[in-house]
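Peer 1: Spelled out from the first residue to the last, the chains are:
There are 2 protein chains.
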Amino acid sequence: MTSGAFLSAAGQPLRLGVAGLGTVGAGLALLLRDNADLITARAGRPIVITAVAARDRTRDRGVDLGSCRWYDDAAGLATDPDVDVVVELIGGAEGKARELVEAALANSKPVVTANKALVAVHGEALGLLSEKQSTPLLYEAAVAGGIPAIKTVREGLAADRLLRIGGILNGTCNYILTAMRETGRDFADVLAEAQALGYAEADPSTDVDGVDAAHKLAILASLAFGRPVQFDSVHVEGIRQIGALDLSAAKALGYRIKLLGLARQAERGIEARVSPCLVPHTSPIAQVDGVFNAVIAEGAFVGRLMVEGRGAGAGPTASAVAADLIDLARGKPAPVWGVSAAELEPVRSRPISEREGAFYLRLSVADRAGVLADITAILRDCGVSLNSMVQHPAAEAGADVPLILVTHPTREAGMQDATTRIAALPVVSDTPILIRIETI
Amino acid sequence: MTSGAFLSAAGQPLRLGVAGLGTVGAGLALLLRDNADLITARAGRPIVITAVAARDRTRDRGVDLGSCRWYDDAAGLATDPDVDVVVELIGGAEGKARELVEAALANSKPVVTANKALVAVHGEALGLLSEKQSTPLLYEAAVAGGIPAIKTVREGLAADRLLRIGGILNGTCNYILTAMRETGRDFADVLAEAQALGYAEADPSTDVDGVDAAHKLAILASLAFGRPVQFDSVHVEGIRQIGALDLSAAKALGYRIKLLGLARQAERGIEARVSPCLVPHTSPIAQVDGVFNAVIAEGAFVGRLMVEGRGAGAGPTASAVAADLIDLARGKPAPVWGVSAAELEPVRSRPISEREGAFYLRLSVADRAGVLADITAILRDCGVSLNSMVQHPAAEAGADVPLILVTHPTREAGMQDATTRIAALPVVSDTPILIRIETI
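As they're listed, the protein sequences go chains A and B. Numbering-wise (the UniProt record's numbering), the first sequence opens with residue 1 and increments by one. Numbering-wise (the UniProt record's numbering), the second sequence opens with residue 1 and increments by one.
Hints listed in this document are in silico derivations from the structure and should not be mistaken for laboratory results. C-beta atoms are modelled at their ideal positions from N, C-alpha and C, and glycine is treated no differently.
What the simulated footprint calls covered on chain A by chain B, stretch by stretch (three residues with Cβ under 8 Å from a Cβ of chain B suffice, anywhere in the stretch; the number is not a length):
1. 303-309
2. 323-332
No farther apart than 30 Å at their CA atoms in a straight line, the calculated lysine-lysine pairs in the DSS-like style are these:
3. A/Lys132 - B/Lys332
4. B/Lys332 - B/Lys132
5. A/Lys251 - B/Lys251
6. A/Lys332 - B/Lys332
7. B/Lys132 - A/Lys332
8. A/Lys96 - A/Lys132
The following block holds chain A by itself, in its conformation from the complex:
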C-alpha cells in the first residue's frame, strides 16, 4: 500500500497538518523540535509541522508554531496541498475527528491518529477506505500510549497465531486500584485525588467504566485474530463497585485486583471483555502498578510476551505518533489491520456467558445461623463448587458481616445465576461483588 502523494517527495520534508493542540499535540511539536536531528536520520527526511487546527491560537504551548498555517476548521487540513500527512489528535468516534480522517483518506492524504474511539468504532470502514485509496492510516498512539503495542502485534508477532491478547489498558484505573490497595482508601476518595493530579478526567466515566480499555482491546483483538474490529461485542465492566475491602481481601488470598482487557480465541469464537480481575500476586502483570500499562500477548510459537510502559501522557503518546510518522516517511507501512480487508474473517463473538473460570464473590450477610446453608445450597444447585471461604467477624453485635467466597473454575452463566439468586436472599444486604479470577 503506497500513496504517491507522499512517496514522490522522498528526500523532501514530510509536512504535517496537525489537528488538535492539546497535551499530545503540544507534546508532538516539542518532540519533533527536540529530536529533529535523529528523526531526520531515521526517517530519511525531516518531519515538520506546516499547518495546525486548534481553537485557541494564543495559548502558550511551550513551542513556537508561529510559522504554521492555522485553520479554525480542521477539515481544511485534508485539502491543503502543502500538507502531506494529517495527524488527527482531536479525539472522539464521531464529529470533526471522523470527518477529517475520512476526508483526508478520500483525498489520498495519509493519516496518523491517536484516536482509539474512532478506530475501535469505525475501524473496519476506515480500513476499507485506506485500502481503496492506497493511503495509509496508522494509529500506534491509540493503544497503550508509548508502548509500541500495535507494531508489536501487527509486525513483531506477525508470523505467529495468537491465542490471547490484552492487558492493563487504562492507566487511570490502574492508578486508582494501586492507590486503593496501598492506602486502604475507598474508590471515591482515590478518584478525587487522581482528578486533582491530572490522572483522571473531570468526567471519569470513559476511564473508570472500562470504555477506554474496551476501545483498545477491540483494536488489539482485531489485529491479533484477523477479524473486522467489533467494539460492540466487547463485554465491559468498570471499577466503581470495587471497595477497599476487596483490595485487602484479594491481598490476603494472594491476589491483586487489576482492570484487565482480555481477548482470546476460544472454542466457539472470540471472547473479549474488560473487567476487574483477581490475578495471582506473583504474576508479571500483578507487578504493573500506578499509571503504567501492560500489553500481554500469547502465541502458539512465541509463547507469552509482556510489554510494560507509560500508557498515556504527552511524551509517550507523542513518541508513538512520531514513530508512525517515521514509518510513513520511510515509505511502506503495513495495511491498517495487518492484512488486506478481504482477508479479515468475521469470526463469531463468544458471549461472556460461555466463559469458564474461577470467581471471587463478596457478600454482605446477616450474622446468624443458617445463612451459609442457604448460600451454599444455591451454589450447589447452580453447579458451582467452592474453593475457599472467609468470613470476617462483625464490627459490632448484630451488624452484617462480609463473607468472601472463592470458587473453583465454573461456567459464567451458572455463577451469574447463583449470584442473582443469592442477592435475592433476605439475609443478603447490598449488591454482591463478583470478580473474575485470571491466572495469566
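Add chain B to chain A, keeping to what the hints say.
Peer 2: Positioned in the frame of chain A, the structure of chain B alone reads:
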C-alpha cells in the same frame, strides 16, 4: 532501501534458502507450515523454503523438507537463482556463516539471520555492504529470541532519544541465578542441571561468561545510540563467581541478582557492560525469572519500557525470523542500523572505570579484632562510603566469616582500587566478590 530481486516478485512466493537445520531451522520450517495461511495473508504472498543447507539429510526434523534442494555447502544458497532470501542459522562470527551472508548480500540477495555474534562483530561492515547493495539484512532473532527487541528499538521507539538500553539478555544465566536463589544450591550444581535440561550448552562459557549477552547488548546499543556497533568496547563479566551465599545475602538486603546488559548515554560517551547486578526486588526486572529475557529501554519522551518474553528456543526464535521475512515480503524494511551508515556517529566508549554507582562487596575474613578497622580504613582512603554492613557468625570457632558490605554510590575506579587493596590484607581469604547495584 529496496532490492529489485525480491520486490519484483510481489504476489509470487518468497522463496527461502535456509542454511542450518538445527533447533531454530526446524522450528522455522514447522512455523511456516503450521501458520502458512496467516503468514501468506500478512506477508501478502506465500513464504516457502525451496532450498536448505545442512550436514545431515536423513535426520527427522518433524517436518517434510523432501521437496527442497539440498546443499552440502551453504555458500550455494547465495547464488541459487531460485532463492529470493537467504536465512542464515549457522551461527558464529566467522567461517561459513560470515561467508554466506557476505556472498548473499554481494549477490543482492536479502538476508535474515539469527546470528548475534556475526552482527555484533561484523555489523558495521555488513551494514555498509547492505546499503551499497540496496539489499536488506534483518536480524530480529539475534537478540532476545521471541521478543521483537530490534523492531521495538529501531521502529517502535524511533522518534525518541534513548538514554538507556539493556536488560536480561541471556536465559541460561537467568535460569541458573533463579534456580540458585530458589533452591540455595551452588553454581556448579545448578549449571549441571541446566545442561541436563537443555538450557545450557555442554560448553557453557559463551553464556555464563557473559559473551552472548554482550553480543546482544552491543547490537542494541548501536541501534539505540546510532553509533557503529562496538562489541569490543563492552565490559564483560559472567556469573561463575556468584555463590549461593550472595543470592541469600542479596535477598536479605532486599535485592535480587541478575546478569544485566546495560548501555547508557553518559556524560563522556557510551557506557556498555554486562555484569551481575543487584536490583531492588520490587523492580520490574527483578520479577523476570527462569529462562525469560527482558529488554528495558528508557527514552527522554517515552519514559521506561520493558518487554519480557522467551529469549530462546525453537518457537520464539522461529517467530522472530519469520517476522523479518514478512517485513521483507511486504517490501521495505528499515536500514540495518535504523539510519544510513553515513549517519552513524563513532561516539566515545566510556570505560567502566568512570562509572558511578553503589556496590555490594562480599569478603571472607578472619574472625578477630581489628579486621573491620583495616577494611574500613582502606575504603575511607579510597573515598568509598558505606551504606550498610552485615557480618555473619562463624560456622565454627576460628573459621573465617563472610562479611558483606554495601556502599553508597561511588566511583568505580576507587572501589576497584579499594577491593584490590582489601584482597591483599592477610586477614582476607578468598577472592572478594564485588557486584554492582543498579536501581533500574
